[in-house]
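K.L.:
Residue numbers (our numbering), protein chains in the order written: chain L, 1 to 134; chain U, 1 to 134; chain D, 1 to 134; chain B, 1 to 134.
There are no misleading hints in this set.
Derived, one-sided and incomplete: chain D residues facing chain B with beta-carbon distance under 10 Å:
hint	residue
1	GLN17
2	VAL20
3	TYR22
4	LYS25
5	TYR26
6	GLU49
7	VAL57
8	LEU58
9	ALA62
10	PHE64
11	GLU107
12	GLY115
Sample of chain L residues lacking proximity to chain U, with all beta carbon distances greater than 12 Å (derived):
hint	residue
13	ARG73
14	ILE118
15	THR131
Straight-line distance between alpha carbons at most 20 Å, and here's what the computed DMTMM-like set of lysine to aspartate or glutamate pairs gives:
hint	chain 1	residue 1	chain 2	residue 2
16	U	LYS129	U	GLU40
17	L	LYS93	U	GLU107
18	L	LYS50	B	ASP72
Derived from the structure by calculation, the hints contain no laboratory data.
Even for Gly, the Cβ is constructed at its ideal location relative to N, Cα and C.
Listed here are the chains, written in short residue letters.
Protein chains: 4
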Amino acid sequence: MLSTSTEIRVRYEETDQMGVVYHAKYFNWFEVARIQLLDEIGIPYKELEKEGYFLPVLSCSAIFKHPAQFDDRLIIKLEISLASLLRLKVAYKVLRKDLMIATGTTEHAFISKDGKVIRPPASFIELLKQTDTF
Amino acid sequence: MLSTSTEIRVRYEETDQMGVVYHAKYFNWFEVARIQLLDEIGIPYKELEKEGYFLPVLSCSAIFKHPAQFDDRLIIKLEISLASLLRLKVAYKVLRKDLMIATGTTEHAFISKDGKVIRPPASFIELLKQTDTF
Amino acid sequence: MLSTSTEIRVRYEETDQMGVVYHAKYFNWFEVARIQLLDEIGIPYKELEKEGYFLPVLSCSAIFKHPAQFDDRLIIKLEISLASLLRLKVAYKVLRKDLMIATGTTEHAFISKDGKVIRPPASFIELLKQTDTF
Amino acid sequence: MLSTSTEIRVRYEETDQMGVVYHAKYFNWFEVARIQLLDEIGIPYKELEKEGYFLPVLSCSAIFKHPAQFDDRLIIKLEISLASLLRLKVAYKVLRKDLMIATGTTEHAFISKDGKVIRPPASFIELLKQTDTF
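Chain L with its partners taken away, still in its complex shape (with noise of 0.2 Å):
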């Protein structure tokens, strides 16, 4: 299983006047731990929109168990999964220290320029057979 882990610190923006992070920010966050994911198993994003692969999200979720705060360092851990040949699987949680704040997912399907879904590139599914991914 490909993971990473990832620290983000709570911008005043991502507030709301509830006095936490409004909800839909948290999926900014789980892109800047994919992004972070990409980079270290030396598949950048940027990369791989110039090689013609792009990484749309198809489906999201989140569970909010405790509020995030302005100022809060958390920790978002990532798990990324091929839930078929043309499917990618990614989940994480939010932490603040040890308490879990939130859990999530993404689904994605590498698709071309034009919008058609293709198979990943092969470095990439041979990083994810190497890693008991499949």
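Put chains U, D and B on the given structure of chain L with help from the hints.
P.N.:
Below, chains U, D and B without anything else, positioned relative to chain L:
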């Protein structure tokens, strides 16, 4: 079942460099639809907060079927129901004309200023009863 | 002078934990007003991009006089003029009823797909001439 | 002159369909830089709010010289000064390596919970005095 239908127009700010709407933005639209539903049933959210009721999002999800694009006029359809006395469920459909763009859900509880789960306002429960949402 | 007036309603997402609208969000509303102006003069921005014209923001500013709050219905007034053949200036006023909430400005140039500054579409110049904006 | 330098990394969420960062997002980065400056001088903004000080934005501006792009690592340089006893001025530079991407300004006042302009905390004034910011 309480329900409503709201039109939004996609802002440039809501797009990303894939040329479509960034996935997290749909949850902002779901909020717009919820606010309108509460208006329509005579319990504006602004008034709820004044009376000490808050409606945080406990969970949320979305499935993206077709990309929404800049300047699209989209219809957000919403249905609300009580999952239990203390938990609201809301289901959303996002349509561009007859094309289903996305579906989604959110769950909410009424909480007090200090974060305790409380029963919904009596007028709200009464209304849901009348509409057979129980 | 080309001008228009647009109503927006403040979204919860646009507030921060100070209980008012986060300052950067006003620029999203300015965008909404610009899009409407272009609609009204028969040159929708979406069409402009299709024809190879882009209108990036070269500079922007805002002065905040009174806080905008959740659920406010605000009027965004806009006046557009040509600072030169190649540079548009837009001035904004944000009003809640008669109260001036904020003022702002943006500057724009027409650029081509590859980022070169180009002359505005002929129809656009013609229109500004007719309205004594030159 | 109090100053600091912060690195941010451009999020996909911050781009728009022009393929560059949406202009309003720069103000979020300016906020990140301000928060860091306050940390560095030992007056974290979170603590300020706990003690009843709020620092709303009274005005803001930005000039965009070159587009920022997804995944850019940008340096936000910030200089803060007191325009008067009651008004802070902050100037920003956004750099990608040696290239100046944008400049900007914000103005702030310290206000109390009920919105009245108040004098900055004594420790803050002392600090600005020591650094010849007066």
